[in-house]
Amino acid sequence: MASRRRVVLCADFDQTLTVNDTIALLFQSASMRQPTALAREQHAARVQQLVAQYSREMSAFLAEKNGFNRRREGASAQYNASERLHQCFDREGLRAFLKGYARVDMASLQRVMDTYLLEGIRPKDLEENATRIELMDGCLDVLTSVSRIGAAYVISSNWSIQMLHAALHSGPQESEQVIVKVIANDLEMNAEGEATGKIDLRVQSPQDKADWLQRIRVQERTGADGSDKDDPCVVFIGDSANDLLAMVEADVGISLAVGADASVYKVANHFGATFQPIGTEATATLAD
Numbered sequence: 000m001a002s003r004r005r006v007v008l009c010a011d012f013d014q015t016l017t018v019n020d021t022i023a024l025l026f027q028s029a030s031m032r033q034p035t036a037l038a039r040e041q042h043a044a045r046v047q048q049l050v051a052q053y054s055r056e057m058s059a060f061l062a063e064k065n066g067f068n069r070r071r072e073g074a075s076a077q078y079n080a081s082e083r084l085h086q087c088f089d090r091e092g093l094r095a096f097l098k099g100y101a102r103v104d105m106a107s108l109q110r111v112m113d114t115y116l117l118e119g120i121r122p123k124d125l126e127e128n129a130t131r132i133e134l135m136d137g138c139l140d141v142l143t144s145v146s147r148i149g150a151a152y153v154i155s156s157n158w159s160i161q162m163l164h165a166a167l168h169s170g171p172q173e174s175e176q177v178i179v180k181v182i183a184n185d186l187e188m189n190a191e192g193e194a195t196g197k198i199d200l201r202v203q204s205p206q207d208k209a210d211w212l213q214r215i216r217v218q219e220r221t222g223a224d225g226s227d228k229d230d231p232c233v234v235f236i237g238d239s240a241n242d243l244l245a246m247v248e249a250d251v252g253i254s255l256a257v258g259a260d261a262s263v264y265k266v267a268n269h270f271g272a273t274f275q276p277i278g279t280e281a282t283a284t285l286a287d
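Numbered per numbering that gives the first Met the number 0, the sequence shown spans residues 0 to 287.
Hints may be right or wrong, so weigh each one.
Claimed, not checked - No more than 27 Å apart at the CA atoms, straight line, and that leaves these computed lysine-lysine pairs for DSS-like:
| no. | residue 1 | residue 2 |
| --- | --- | --- |
| 1 | 197 | 64 |
| 2 | 98 | 265 |
| 3 | 180 | 228 |
| 4 | 180 | 197 |
| 5 | 98 | 64 |
| 6 | 98 | 197 |
| 7 | 123 | 197 |
| 8 | 64 | 123 |
Said to hold, decoys possible - Label-pair distances were calculated between CB atoms; the ranges are:
| no. | residue 1 | residue 2 | range |
| --- | --- | --- | --- |
| 9 | 189 | 59 | 34 to 40 Å |
| 10 | 140 | 37 | 44 to 50 Å |
| 11 | 147 | 192 | 30 to 36 Å |
| 12 | 168 | 199 | 16 to 22 Å |
I should point out that these hints are in silico values taken from the structure, not numbers from a laboratory. Glycine included, each C-beta is placed from N, C-alpha and C at the ideal position.
Whole structure, please, built from the sequences with the hints as guidance.
Following this line, the structure appears as structure tokens:
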């Protein structure tokens with residue numbers, strides 16, 4: 000009887016494991032560290048300006064890509080995986096598109112660092128933020144189960160490893176020894192333990208996520224003594240276009256995005272990737 004393959008589960012964090020995006024918590028922490036009410040208002044206004052600029056630039060990028068938001072000719076307006084089973088998957092086209100997508104994101108991230116909007120955050124702020132993060136129902140149970148029989152990782156473009164780690168390793172599950180390895184960007188801290196406003200970048204682009212997934216695959220099939228282990232089944236769970244390359248590189252890619260008009264489905268459809276429903280139309284596995 001053939002042995003069952005070990006499962007290595009990799010997941011995005013924001014809006015995959017969490018109900019809401021958590022980056023705003025970091026801006027709020029930095030704002031609360033401002034010395035006066037006026038300074039806090041000015042900080043919030045600068046954040047809103049950068050958010051609006053990012054939105055404009057991303058919209059312009061998408062418009063430049065010849066109406067990517069329009070579904071391919073002949074494709075149903077409703078989510079229907081069976082109608083797209085035989086589309087040709089344009090892997091290189093997807094990579095090129097997401098490279099441009101990442102450039103827009105990086106330009107916005109650079110503005111955040113150049114304006115020091117994250118300056119002054121302290122470790123205790125990150126721990127407090129973690130208590131405010133609402134996790135998806137059942138996600139810690141899944142991570143706990145997988146970590147017992149395989150391995151569980153978070154691969155996130157979030158900006159604080161400490162905040163993510165605290166959110167995943169607090170509460171009653173801590174006694175069950177949840178082991179989730181977090182790979183993410185991180186706030187740069189000075190000697191006094193305060194954020195400088197800069198970010199140590201490790202996972203900025205869709206390609207970065209895919210590269211980390213492949214590193215994990217190699218690591219997980221090598222024993223502690225350097226010997227080869229059985230090739231694991233690598234699963235990636237995400238919710239956005241930023242996760243698509245990792246989904247493609249995984250043995251099983253799962254999207255938790257809700258609705259056929261979610262960006263991950265629009266981008267996948269545009270480049271001929273096929274999603275197969277596994278429960279509801281909002282939950283799908285990716286097959287190329």
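Item to complete: Against the earlier hints, flag every one the structure doesn't satisfy and list their numbers going up.
Response: 1, 8
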